[in-house]
Amino acid sequence: MNFIQKAAVAVLLAVTVAASPAFANDAAEQFVQKVLDEAQPYLELEDEQAQLDGIATLVDKYVDMRHIGYFVLGKSARQITSEQKEEYFPLFEDYARSIYQEALTRYSGERLAVTGSVDRSEKNIFVQSKVANAKPGDEYADTLIEWWVHVNNDGEMRIVDAGADGIFLSIEQQETFTSIIADNGGPPAGIDALIENIREKVDD
Amino acid sequence: MRLTVFAALFFFLAGGAAHAQLSDAGDPEEFAEELKRGEADTTEGKEIDPWEGFNRKMFAFHNVFDENLLVPLAKVYRATTHKKQRKGIRNFLDNLKTPVILANDLLQGEFDRAGDTLGRFAINTTVGFGGMGDPAERIGIAQHSEDFGQTLAVWGLDTGPYLFLPFFGPSTLRDGFGAAVDTGLDPSFYYRSDAMATAKYVRAGATALAIREPLIEPLDDIKENSLDYYASFRSFYLQSRKREIQNGRTNYDELPDIGDFEEFDEE
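Going down the list, the protein sequences come from chains A and B.
Going by the working numbering, the first sequence opens with residue 3, and the numbers climb by one from there.
Going by the working numbering, the second sequence opens with residue 48, and the numbers climb by one from there.
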């Protein structure tokens, strides 16, 4: 390769790298809009249980519970044993799914539309959405609903957190979970206590 | 008087926190580093809340008052007023905060926002019937809040430890101190008369109801869903406060890393 060819490759690479976050941006926005479009018919259902079931399907399909499950453990994510994992993850999924269900059914009858995105890195993109056609003064007219999209090693996009007006669910869960683990003597006993706490909530 | 009590409390609490770390939790790099270290360290959450034991007791005490008095009163308030009237009352109370907001706009060097605050006051006090209406909002001058805690944040002071006080509610050392300063920035602080004393009590009571009423359901939901109401409440408060200080913008770089746990399953 002569100098000019090398320079051309370098420029091409530089342009690609510089352009890639913006590219990820669009892709993430389209991804979230697709999820929201799929959620739309469920949010319009009259029957509450049918609405919840529909949202549960979407949560299972698009939300990366494994990642969130690790994240909310904080430092204990390194210390959870494989036996604890087997108990913890299914319970956590049930618990987190119900939180998402409740958060989303608040917007039942509304249509959510993507309004923009911020890419913090190539793998972490915050997609913003709002209630479309809201009238000024409506309860959620000004609420900014955000979706934290994470691109995994296979290049797949998954939702890892949802927030309203800057308050994120996984971050709140991490503070709660780590507090319970610490108050019960830290891992491994604290993790067992956490698992029991989640079990009680889920069984309610 | 209230200021003295607050200052005394401030020093009492600050004394107990000599070893407290005042850094913000949630720095992504720090978090990643801590994860890598993987020590059997259980101090998570302690950084922002070194007085957790004290705070939890105060929180429990406040909740007795909240459940038995504040919430029932908030429900009565809701039942006896129309949504539009409540909006009017909120507007009126917000309008009363003008001197404090204006002073803090100026202290932060936010002169555009200070102009907004003055403009809103002039328009809403006159055309808006003494502040009950918000015609300023309709012509595009949106309401914003400022307080001395936010000013201290803009000046670079860290939040300090989380602090929950009965009746005052959630705060941090910095913001609690800021609230005391704000009391002094309010001209009504310097008027002494029986009528003014009554007006202050009415205002404090109305403010408490106006804040609590729209939170009846959201807080019920959190209480119902959370594994630890205290920790969830603290997190919601600190997250929303952070955004308020950044004037309604979220600083995404400050959020911790959620991704990259894939390696955990490969062990």
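It should be emphasised that the hints constitute simulated quantities derived from the structure, not laboratory data.
Just so we're clear, the structure is a prediction, and the values are computed from it rather than from any experiment.
Please note that the accuracy of each hint is not assured.
Said to hold, decoys possible - Here are the simulated DSSO-like pairs of lysine-lysine, each with C-alpha atoms no more than 30 angstroms apart in a straight line: (1) Lys203(A) x Lys270(B); (2) Lys132(A) x Lys270(B); (3) Lys137(A) x Lys247(B); (4) Lys104(B) x Lys247(B); (5) Lys203(A) x Lys122(B); (6) Lys104(B) x Lys132(A); (7) Lys87(A) x Lys132(A); (8) Lys144(B) x Lys247(B); (9) Lys63(A) x Lys122(B); (10) Lys130(B) x Lys132(A); (11) Lys132(A) x Lys247(B); (12) Lys144(B) x Lys203(A); (13) Lys144(B) x Lys131(B); (14) Lys87(A) x Lys270(B); (15) Lys132(A) x Lys134(B); (16) Lys137(A) x Lys104(B).
Practice item. Against the structure, test the hints numbered earlier, and report the numbers of the ones violated in rising order. Key: 3, 6, 7, 9, 11, 12 and 16
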